[in-house]
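*Asks:* The primary structure of each chain is shown beneath.
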Amino acid sequence: MTDIPMADVRIDTAVLSTGPKISTSGGGSLRADGVTAWFGKHCIIAGVDMDMPAGSVTSIIGPSGCGKSTFLRTLNRMHELVPSAAMAGEVRLDGVDIYGAGSRPALMRLRIGMVFQKPNPFPTMSIGENVLSGLKLAGIPCRDKAEMTERCLNKAGLWAEVKDRLGAPAGALSGGQQQRLCIARSLAVSPRVLLMDEPCSALDPSSTKRIEETIREISSQVTVVIVTHNMQQAARVSDYTAFFLADKGEPGRIVEFGPTGEIFNAPNDPRTEDYIHGRFG
Amino acid sequence: MNALPAAALPQPRKVRRNLRELAERPLMILALVGVAMAAIFAITPLSGMVGWALCTYVGFVVADAFDIYRTDGPVVAKDRIATVLVATAGLCTVVPLVLIVVYVVSKGLGGITRSFFTETLESVGPADPATVGGAKHAIIGTVEQVGLATLLATPLGLMTAVHLTQSRGRLARVTRVLVDAMSGIPSIVAGLFIYTMWIVRFHEGFSGLAAAMALSVLMLPTVARTAEEVIKLVPNGLRESSLALGAPEWKTTTRIILPAARSGLVTATVLGVSRIAGETAPLLMTAFGSDAVNTNPWHGPQSALPLFAFQRVRNAIPTQIARGWAGALVLIVLVLALFTLARAAAARGRKVLR
Chain A
0 MTDIPMADVR IDTAVLSTGP KISTSGGGSL RADGVTAWFG KHCIIAGVDM DMPAGSVTSI
60 IGPSGCGKST FLRTLNRMHE LVPSAAMAGE VRLDGVDIYG AGSRPALMRL RIGMVFQKPN
120 PFPTMSIGEN VLSGLKLAGI PCRDKAEMTE RCLNKAGLWA EVKDRLGAPA GALSGGQQQR
180 LCIARSLAVS PRVLLMDEPC SALDPSSTKR IEETIREISS QVTVVIVTHN MQQAARVSDY
240 TAFFLADKGE PGRIVEFGPT GEIFNAPNDP RTEDYIHGRF G
Chain B
0 MNALPAAALP QPRKVRRNLR ELAERPLMIL ALVGVAMAAI FAITPLSGMV GWALCTYVGF
60 VVADAFDIYR TDGPVVAKDR IATVLVATAG LCTVVPLVLI VVYVVSKGLG GITRSFFTET
120 LESVGPADPA TVGGAKHAII GTVEQVGLAT LLATPLGLMT AVHLTQSRGR LARVTRVLVD
180 AMSGIPSIVA GLFIYTMWIV RFHEGFSGLA AAMALSVLML PTVARTAEEV IKLVPNGLRE
240 SSLALGAPEW KTTTRIILPA ARSGLVTATV LGVSRIAGET APLLMTAFGS DAVNTNPWHG
300 PQSALPLFAF QRVRNAIPTQ IARGWAGALV LIVLVLALFT LARAAAARGR KVLR
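Sequence order for the protein chains is A and B. Numbers 0 to 280, taken from numbering that gives the first Met the number 0, label the letters of the first sequence in order. Numbers 0 to 353, taken from numbering that gives the first Met the number 0, label the letters of the second sequence in order.
Read the hints as simulated data drawn from the structure, not as lab findings. Even glycine gets a Cβ: it sits at the ideal position worked out from N, Cα and C. Each hint should be verified, as a subset may be incorrect.
Quick list of in silico lysine to aspartate or glutamate cross-link-like pairs, EDC-like style, CA-CA up to 20 angstroms [to be verified]:
(1) Lys250(B) to Glu128(A)
(2) Lys135(A) to Glu146(A)
(3) Lys135(A) to Glu239(B)
(4) Lys208(A) to Asp238(A)
(5) Lys40(A) to Glu79(A)
(6) Lys247(A) to Glu212(A)
(7) Lys40(A) to Glu211(A)
(8) Lys135(A) to Glu248(B)
(9) Lys208(A) to Glu249(A)
(10) Lys106(B) to Glu121(B)
(11) Lys250(B) to Glu79(A)
(12) Lys117(A) to Glu239(B)
(13) Lys247(A) to Glu216(A)
(14) Lys77(B) to Asp66(B)
Using C-beta positions, here's what the derived DEER-type ranges look like [stated by the list, open to error]:
(15) Leu150(B) to Lys247(A): 57 to 67 angstroms
(16) Val93(B) to Asn153(A): 49 to 59 angstroms
(17) Asn235(B) to Asn153(A): 25 to 35 angstroms
(18) Asp96(A) to Ala88(B): 58 to 68 angstroms
(19) Gly25(A) to Arg167(B): 53 to 63 angstroms
(20) Ala167(A) to Ala336(B): 25 to 35 angstroms
(21) Asp143(A) to Met196(B): 52 to 62 angstroms
(22) Val93(B) to Ala85(A): 49 to 59 angstroms
(23) Ala88(B) to Asn229(A): 44 to 54 angstroms
(24) Lys247(A) to Arg167(B): 26 to 36 angstroms
(25) His228(A) to Ala336(B): 53 to 63 angstroms
(26) Asn153(A) to Leu84(B): 37 to 47 angstroms
(27) Val93(B) to Gly174(A): 36 to 46 angstroms
Sample of chain B residues at the chain A side, in silico, Cβ under 10 angstroms [to be verified]:
(28) Glu239
(29) Glu248
(30) Ile255
Work out the full structure: start from the sequences and follow the hints.
*Replies:* Dropping the structure here:
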């Protein structure tokens, strides 16, 4: 259903390959406007408004089942891949509604990448092939493959560990390395925004630290939105924080959104304060 | 990094396997089995070999469980009963298979001579010894028909599987029901279908192609449903991460999902081939059978190993029957060789990566 005509991809890739590289682009601004999402008749999130400025890191925190991941998945049209899923509202990337008429999901996902909770490098490909897989899959030509591989792995903080075995299978890496490989893979297609769905929840503390460093490093070039259960992590990496909460039987809503320092030090809403101090959730 | 010197490492401890304990309690169990058997024979109308075997088995299970219960309690005893039953079920599957293979080999090995692979039955009379004539024509026919059927059914089956797994919507559900129904088609009906549709209606003669078409009707559902199950096993995360990279769905399917399911898809094809390689009924009205070599699968009657075996064994002459057994043996070996080859190919592909 998301089969795009080749001509469409070509036009887009022409722009991408001659346009600014990751190093110079400053990330895209993402804006959610009244985002509401359903699975069947069950409403998961309702009326979420959120502004994710270009080049910033925004974290989304909240208890399990409050719709954080669902919200994240509406931001690059992954939500609609689940049968019976539906959404309302608008998501604007640099002012353009990604759900607008004529908008192609595959092209939107090319600009708004995603890293998942579980590291999932492509098992049939080597480490190097994994990094370039996005370019290959999206049909983007790449002139200097070696340079691209090195640049992306460097950004993801993995280059030093794998530079001598780029031909090795990706499945042989440790979990933390696999997740950084997935980040490198996402960066290779030069996205404007990178969504991360609990990227460290399956990893040990040292791998988590590496990934947090990576997030800080790439944030000048790509807007990052990260869902996390780890509040210290949200405080460490993000510029803005959103607190989601779902009352029993109610869809999840945004309780408070603002600069991370404010949310953690002087929240306006008592529920935010209770959650941050571990009094519920 | 700093491994201990080998001498300092302890020996790995041996974990005791459940069934091995059996040897340590033979007397007790034997006595109990004896008592149990006598009791069962006394109160039930069982008799004869089968009754004896059944009683011994039941007696053994009960006595063994009781013996364990006495020393280790009910939980261990229940575990023991389950172990014994599962082992029995495994044996029940393996034993008939081994018996069939042993029987076919013992009956057919005598007919395997050089001439069996190099000669045909063209000029063989009923009284000729088994060393004259062979099944060259049938081997050629089987290879061509099964090969053609595989070429026809595998792409269709794989595409059906992709359709069943990757598309939502009503059509996929209807397709699944139809494929299931198709797998229930009796093989003779597949043969009749091709006979009426192809040979009668279009005035095509008997040919290897007609046989291949009938076989592919039987092969398609096996390949499609097995491939569907295999593709379903590919983690959804792979599909999602490919789509999240901006890949269109067709590339996600062809470059990520199908390669990840590769070895399983080979298995699906092999299962399909073994499903059809031994089919006799659909060949009767399509390939028809022949005693001479016909290398052209597009035209003229062809023989095939199952057909060859069927026609020989129906004879009353011992030498002919021996040829039939030899044909069956060659067929089994052929399928086994194919299976091994496909498995090796799939394993080699996997070893390179992963």
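*Asks:* Can you name, in rising order, the numbers of the hints this structure does not satisfy?
*Replies:* As far as the earlier hints go, 6, 7, 9, 10, 13, 19, 26 are violated by this structure, in ascending order.
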